[in-house]
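*Asks:* Protein chains in written order, with the working numbering: chain A, 1 to 329; chain B, 1 to 329; chain C, 1 to 329; chain D, 1 to 329.
FYI, nobody ran anything at the bench for these hints, they're computed from the structure.
Honestly, I wouldn't trust all of these hints.
The calculated DSS-like cross-link candidates involving lysine-lysine, where the alpha carbons are at most 25 Å apart (straight line), are [as the list claims (entries may be wrong)]:
id, chain 1, residue 1, chain 2, residue 2
1, D, Lys172, C, Lys256
2, A, Lys159, A, Lys67
3, C, Lys172, D, Lys256
4, B, Lys142, A, Lys172
5, C, Lys159, B, Lys287
6, A, Lys287, D, Lys67
7, A, Lys172, C, Lys287
8, B, Lys315, A, Lys256
9, A, Lys142, B, Lys142
10, D, Lys159, D, Lys315
11, C, Lys172, D, Lys142
12, D, Lys172, A, Lys315
13, C, Lys172, D, Lys315
14, D, Lys172, B, Lys172
15, A, Lys315, B, Lys67
16, A, Lys315, D, Lys142
17, B, Lys315, C, Lys287
18, D, Lys287, C, Lys142
19, B, Lys256, A, Lys172
20, B, Lys315, C, Lys315
21, B, Lys287, A, Lys172
22, D, Lys67, D, Lys159
23, C, Lys172, C, Lys142
24, B, Lys63, A, Lys256
25, B, Lys315, B, Lys287
26, C, Lys256, D, Lys142
27, D, Lys159, C, Lys315
Okay, here's what each chain looks like letter by letter:
Protein chains: 4
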Amino acid sequence: MTAPRFGAGLWNFASYVDRYATDGYADHVSTLEQIRIAGTVGDLSVVDLNFPFSDGATLEEVKDALKAANLSAIGVTPDIYLRRFGRGAFTNPDPAVRTQAIDLLHETAEVVRSLGANYVKVWPGQDGWDYPFQVNHHDIWKLAKDGMREIASAHPDLKFVIEYKPREPRVKMLWDSAARSILGIQEIGLDNIGVLLDFGHALYGGESPADAAQLLIDHGLLWGMDVNDNLRGWDDDLMVGSVHITEVFEFFYTLKINNWEGVWQLDQFPFREDTVDTARASIRFLKAIHRALEELDYDSLREAQARQDAIASQKLVQDVLLSCMRKDA
Amino acid sequence: MTAPRFGAGLWNFASYVDRYATDGYADHVSTLEQIRIAGTVGDLSVVDLNFPFSDGATLEEVKDALKAANLSAIGVTPDIYLRRFGRGAFTNPDPAVRTQAIDLLHETAEVVRSLGANYVKVWPGQDGWDYPFQVNHHDIWKLAKDGMREIASAHPDLKFVIEYKPREPRVKMLWDSAARSILGIQEIGLDNIGVLLDFGHALYGGESPADAAQLLIDHGLLWGMDVNDNLRGWDDDLMVGSVHITEVFEFFYTLKINNWEGVWQLDQFPFREDTVDTARASIRFLKAIHRALEELDYDSLREAQARQDAIASQKLVQDVLLSCMRKDA
Amino acid sequence: MTAPRFGAGLWNFASYVDRYATDGYADHVSTLEQIRIAGTVGDLSVVDLNFPFSDGATLEEVKDALKAANLSAIGVTPDIYLRRFGRGAFTNPDPAVRTQAIDLLHETAEVVRSLGANYVKVWPGQDGWDYPFQVNHHDIWKLAKDGMREIASAHPDLKFVIEYKPREPRVKMLWDSAARSILGIQEIGLDNIGVLLDFGHALYGGESPADAAQLLIDHGLLWGMDVNDNLRGWDDDLMVGSVHITEVFEFFYTLKINNWEGVWQLDQFPFREDTVDTARASIRFLKAIHRALEELDYDSLREAQARQDAIASQKLVQDVLLSCMRKDA
Amino acid sequence: MTAPRFGAGLWNFASYVDRYATDGYADHVSTLEQIRIAGTVGDLSVVDLNFPFSDGATLEEVKDALKAANLSAIGVTPDIYLRRFGRGAFTNPDPAVRTQAIDLLHETAEVVRSLGANYVKVWPGQDGWDYPFQVNHHDIWKLAKDGMREIASAHPDLKFVIEYKPREPRVKMLWDSAARSILGIQEIGLDNIGVLLDFGHALYGGESPADAAQLLIDHGLLWGMDVNDNLRGWDDDLMVGSVHITEVFEFFYTLKINNWEGVWQLDQFPFREDTVDTARASIRFLKAIHRALEELDYDSLREAQARQDAIASQKLVQDVLLSCMRKDA
């Protein structure tokens, strides 16, 4: 088993604001600077970039910065959650805003082509509702699908991945689970739309991330993933492995037995921590997980799972998980 | 708008046990006695019966009891969650137990035919897992679908409805949401399998019950429903309207604008309350909801929802909801 | 029963940012402008002001603005959650930052005196932790109490209220519940520290807001409150009455039977709605709640509660709650 | 650091029922048989026994069984949650039932004396409420405290520990958190009442178990504990270490730095697993945790915590936690 390739959303190296610390937890970090910082982590091969780039950076400057940092783009994520899309992007009640969202997606598609990235990543964080009775549920779900269909059908040469999430910033988001995402993609009826599974989103949405991954794989739709951690009640975007060690391992185990060989990406929001140190600590943990995957007794685990034997499977897992860290790592 | 027909799971009139009060919260109530009690509620037209019947009651006795109580059967729910199915019914690791589950379903199908009920209700409460790594997620989901396919394909003249639920008694259940249920039914590929939506299951699973209902209706799969309430963290099966007044109303509003005209069924577990009084209090509330539905300004609400106007829609809703109770009711 | 006095946190009339819509959901609104807007709501008597005031507004300008808007200050809330306090205010690992927090509190105390407000409101949103093993739990709780003791003992003529909250922006906050707050205040040992109960914080922290209010009243510590709503999983700060009608009513019922006669304050974050309309809609609902309080059959409810009779109490409550809205309101 | 002493609630070796598998997940196991089975685990020194004993077992028979199994009693837990106490034990609306609860506690006190156990364990699972408006919150909390005061003051030579829990079987329990329990014990005003902290109860109640332990220790009230695991949404009573490895470790770390030297007890409900194998697997994990405690770099961790340095502390913890399992264990 070769070492995994690591990646990260570029926002892992940004500074952050929230509704209380409105002056931000740190100074602004530009797109180009984020790329430079990502390059210093040391184990990253690819990044997922927000678009538009900040501070007027041009596509050429971004390409140069990526090259200088020894990184390539795996995906590009349009900012369809900023102010003008605050009441929705594809599902905005105002058709003019919906058009703006589509237009931004078209631009993003061009950027993906130009960067040679794998996919346009669509995270429709503002598409949903806040209150009971606020929306007609049929109509809003139709808008969500129509927007995706319009943009994906216009770029049949590109891949689009939807990153589902139960909620935040809307009280309820439309693309909220693996099953709902698969269903929506089927309803759209195009074969260039897939899913990016965020471990933390699955976890706090009440899914088993491993089960969600398997369901997506069985439908041929797991086209990307990222990892982080939380306390199961919110999308805390903590360091990987800081809370749910066993379930992270089960997630990667599921990828492995399905021969899924994509990039292991980070999606963390280190509001108060050093962004590079956070990424390194998570990758250090992921390398340990990778060692555990190499040492696992797969035959015995398969047999235990065939019996649905919780005790035997836990022991097999603990044997490798609780001995996977090298102190010199 | 004519008055709705009311129904109830027959277990609403049983006695209950839990893992602490192992001697039960009240004396045992037999199937025949439950039917008699259900008949005293006064507003019930139909019941959903557990099968096998308790205390050796025969099908003929049950028919007679239903007739005497002026009730008919809307569905029959096989007990695929008792001890022998404790480690799973359709997904039991032991093929012999899976066969027992299928056999019980065949028997249930006969009972449905004989009673002239609408459907076999399948609630696979033991089909799932408790621990990370306990199961192979692909295999167990396949078992769940295979079981449903086998039984539904054997009885093409009958309808089968799956009642999904996020968890309990298993830590995680397979048929856990509206979207997953639709997806699974599509994978099975038969047209005599639908869904029974339990309001409380949707609520504590993080769904909007109204949205889940709409999704099922849009797929032609909302074949039954029942209502109750909870605190969003567990399937408390409390009286309807005791907590989530607005969302109950949104649920019935959604049914109405889709011309869904099935039975309004109760699924409550009054561990410590009088079972008949509980049913009556819930129906009293539901009649008030029905009045609110009659008085709602649909045009204005539609316009508010087209604007996704939370304030206007809340006001329209509060106008009728907070004036729907008649003190002489 | 005379009509309640209404109040609001001045931030109800601000614009908002979150970690995604980093450009804010609307244009910046200055302190002075927020006061002017609050004055247009029409039913507000008092406001709780953030300090420092924005855009260089002076205390005299604020006083003039309040007078012009026909408002007075009920409390002042220091901004101990902005960037410099991102890793904690009273519990910051850096003693210099802790001193800055204390200094800001001293300034706030002067403002409270000058405005003739009722209290300094302390909401230590950054005091807590994010990760397991990040803090020594004894030491950090001691810092939290020491900070409160230092500032409250320095101003024995003033009242300080702590607004507890389970989490956000920290993954876990120290002052997280009514019971913990009472305990901490007892440990501090001063009689000029009380509690401001936020209905939504209690709700999503797993408390019954009514029960939390009663506990605080029984300890003589309920010195302020505000209301809003959420889906029990996060501090959504939605309009009052949009979700939990019955529990809002139980909360005010509890205040009434204890003769608690403080201001009914709003704490809402209308990210996407008009701020004045939101406040008006909530007050419209609260006036209906007030009517329901007037019409409630207290004797019968008391008797039902003495029997712990859930059915009887629900009926008594629904009788007045579902008939409390006047269409001409 | 010497090896910990292990214990278990005797119910770990019982069979279980829930509201669905009403015929139980396995055959009935008598008290005497549970003791015999507990003796076969091999690492248990003490058990906590339910009282009354089942199947007519006498106190002498229990003593003999304990001796034969090489076990002693750490505590005795009266069954104040069976049918007759279904609507409450100390808080039952019927004074006659309250008296029955007190009487059962008196009997239990005698058993504790006779067995030489450490404490009477009080788990008032039925003391609380299910519905908004069902109870007067002041009155019911007073009943809860009065019951504890009456029984503890009658037996000043004995210790009583309250095991708090947020909910289940009641929708809401009164003794629901560490802080509330400390507060209630202070209000009672006796020095022979303490707390037994259940790791899983703390976890799913939104507490950090380590923080709850520290708070109790700082008040001199952590008199017992037991461990298990869950998914943070319910009291699943799973095997220790199956989900929350890091937080279990933080919990024991907190006990260690406070020189807390009580028994490490199990409280698991292996509905579907072999009860002895479940206990052994958990103890195997706990022994690994104990090794990690021995190898931890306490000085460095203390320094990291003084800086509230999440990254450094996670690394120190992962170093020992992910290398604590011996394959020959």
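*Asks:* Failing hints, ascending?
*Replies:* 4, 5, 6, 7, 8, 9, 10, 11, 12, 15, 16, 18, 21, 24 and 27
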